[in-house]
Amino acid sequence: MKDFEQVVLDSDRLQNDPDGFADLLTEDVNLVNIAGRRLHGREAVRAAYHKAMASQLAQVRTRIEIDDAWLVQPDTAVVTATKHVSDERTAPNAPLPDKGAVTFVLARQDEKWLIASVQTTPIK
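If you number the sequence shown the way the working numbering does, the last residue is 124 and the count never jumps.
These aren't lab readings, by the way, just hints derived from the structure by calculation.
Model, not experiment: these values are computed from the prediction.
Among the hints, a few may not be true.
[What the hints assert, rightly or not] Label-pair restraints from in silico Cβ distances:
1. Asn16 x Glu43: 14 to 24 angstroms
2. Glu27 x Asp3: 13 to 23 angstroms
3. Leu71 x His50: 30 to 40 angstroms
4. Met1 x Pro95: 27 to 37 angstroms
5. Glu27 x Trp70: 19 to 29 angstroms
6. Val72 x Lys51: 27 to 37 angstroms
7. Lys51 x Pro95: 13 to 23 angstroms
8. Asp67 x Arg37: 31 to 41 angstroms
9. Pro74 x Ala54: 31 to 41 angstroms
10. Glu111 x Asp28: 13 to 23 angstroms
11. Arg38 x Asp12: 19 to 29 angstroms
Built from N, CA and C at the ideal position, the CB exists for glycine as well.
Please work from the sequences and hints to get the whole structure.
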């Protein structure tokens with residue numbers, strides 16, 4: 001397994017840990033989640049994840065399955081994956097797709113791979 005693939009798997013493992021997840025991101029990360037919410041910047045993502053974990057969104061679980069991974073440049077990588085979503089919320093909410101195609105762009109900064117961009121598109 002490539003080091004940058006491990007970062008993607010770590011992001012999956014840390015999905016309910018806002019600080020741990022944010023530590024995997026570049027300072028100016030762009031994130032678009034499966035519901036279409038767009039966030040820019042590590043601290044904006046951290047704040048949004050803290051808020052989500054204090055709400056019913058904490059009951060939404062996801063699992064990443066890596067489909068492909070490659071280096072674009074020595075310090076830039078792309079990982080494509082399938083995101084499986086389990087919505088365990090009890091109160092009525094807008095339904096979430098149960099699967100998404102997710103693309104990660106990672107950058108190596110100071111010998112460490114970080115997520116620079118991640119976008120999830122629902123799969124129908």
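Quick rundown of the hints versus the structure:
Remark: the range hint 14 to 24 angstroms for Asn16 to Glu43 is upheld by a beta-carbon distance near 19 angstroms. With their beta carbons about 20 angstroms apart, Glu27 and Asp3 fall inside the hinted range of 13 to 23 angstroms. One distance hint, 30 to 40 angstroms for the beta-carbon pair Leu71 and His50, holds here, with the actual separation near 33 angstroms. Between Met1 and Pro95 the CB atoms are about 34 angstroms apart, so this pair conforms to the stated range of 27 to 37 angstroms.
A C-beta distance of roughly 24 angstroms is found between Glu27 and Trp70, which places it inside the suggested range of 19 to 29 angstroms. Taking the beta carbon of each, Val72 and Lys51 are about 33 angstroms apart, inside 27 to 37 angstroms as hinted. Take Lys51 and Pro95: their Cβ atoms lie about 21 angstroms apart, and the range 13 to 23 angstroms holds. For the pair Asp67 and Arg37, the beta carbons lie near 23 angstroms from each other, so the given range of 31 to 41 angstroms is not met.
As the Cβ distance of Pro74 to Ala54 is approximately 40 angstroms, the hint placing it in 31 to 41 angstroms holds. Distance hint for Glu111 and Asp28: a CB-CB separation of about 19 angstroms, consistent with the stated range 13 to 23 angstroms. For the pair Arg38 and Asp12, the supplied restraint of 19 to 29 angstroms holds, since their beta-carbon distance comes to about 20 angstroms.
Violated hint for the displayed structure: number 8, the only one.
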